[in-house]
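Given chain A, put chain B in place with the hints provided.
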Amino acid sequence: GNSVTQMEGPVTLSEEAFLTINCTYTATGYPSLFWYVQYPGEGLQLLLKATKADDKGSNKGFEATYRKETTSFHLEKGSVQVSDSAVYFCALINNWNSGNTPLVFGKGTRLSVIA
Amino acid sequence: GAVVSQHPSWVICKSGTSVKIECRSLDFQATTMFWYRQFPKQSLMLMATSNEGSKATYEQGVEKDKFLINHASLTLSTLTVTSAHPEDSSFYICSATGTSGKLYNEQFFGPGTRLTVL
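Going down the list, the sequences are from chains A and B.
With the numbering used here as the guide, the letters of the first sequence map in order to residues 1 to 115.
With the numbering used here as the guide, the letters of the second sequence map in order to residues 116 to 233.
Calculated directly from the structure, the hints in this document are not laboratory data.
Some hints could be false.
[Said to hold, decoys possible] Here are the in silico distance ranges between beta carbons for each label pair: (1) Asn22/A - Ser120/B: 30 to 36 Å; (2) Ser188/B - Gly61/A: 38 to 44 Å; (3) Lys179/B - Glu42/A: 40 to 46 Å.
The beta carbon of each residue, even a glycine, is placed where N, CA and C say it ideally should be.
Only chain B is shown next, with the shape it has when bound in the complex:
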């Protein structure tokens, strides 16, 4: 149990286009989802915290108009990279926590999405 999926697993796009990344909790309801960004050979940087039905909370330095996050249901959060540029190329990882018990006290990670902007 507690499986998180991401789609797509990798995407290549042209500069100036927008890309949507989905994060789904497959077998539990996720009240909170987190979006991280990982640069090559570096740690995970928290981008934003997303709670179902409310606006995402962005970390300092993360452009909310650039990285649109929507958490419309208890099983789905989306990250849209708008007007992508090569510097947005990165590995994006989501994680989710559930509503109670073990699911509430642990984060479950998706496999990540590798974005390459040409």
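So that you can see chain A by itself, here it is in the shape it has in the complex:
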């Protein structure tokens, strides 16, 4: 089956610290991988994505590289800000070309950045 495992939080960092949130997956076939962010009281927003091995998704200073050999898609940011405080979800779709395939989510990692 398809599953996503991400590091449990909460993660608390000081402003300008380096962030890594680990994510590994299990999937049949060739999944596309996503990171979503959920700010307090809001819905999910797509942060970045990668659709094939070795692709790097990036947005707002966040990056993640699709590593097929380690089945991983770790999220990184070099210098976090207080405004990055949110819950981050790693997710996959196992059939990129099928618009009616639901996302499989990890459990989410809560990040708190303190000034």
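Relative to the frame of chain A, chain B by itself:
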């Protein structure tokens, strides 16, 4: 573009009443909409997949008579929680995919509806 709205954003109701939540794609046609449920500090649980003009496909363990889903048009899907009870209190989120290109290969999420059943 690709905006999904939900209404209401929050609702409080008495136990035993029914509540309808709307999910609308505002600037694209959504062939498929998904309904998720999120418990506090937990991940999103897929409840059902809704395709326009056909019956929704429910995930195992989700009561279809309890959570009625209607996807009557390409821009609107509704979730009705019937005879709501306190254990139905949760954050309900919908997402939608479009008919072609970028809209087909990405899910766009609504802001969610927080339901509290007293």
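For each hint, the structure was consulted:
1. Asn22/A - Ser120/B: 30 to 36 Å: holds (34 Å)
2. Ser188/B - Gly61/A: 38 to 44 Å: At 39 Å between Cβs, range holds.
3. Lys179/B - Glu42/A: 40 to 46 Å: For Lys179/B and Glu42/A the Cβ distance comes to about 29 Å; the hint is violated.
The structure is inconsistent with hint 3 alone, although it conforms to all the rest.
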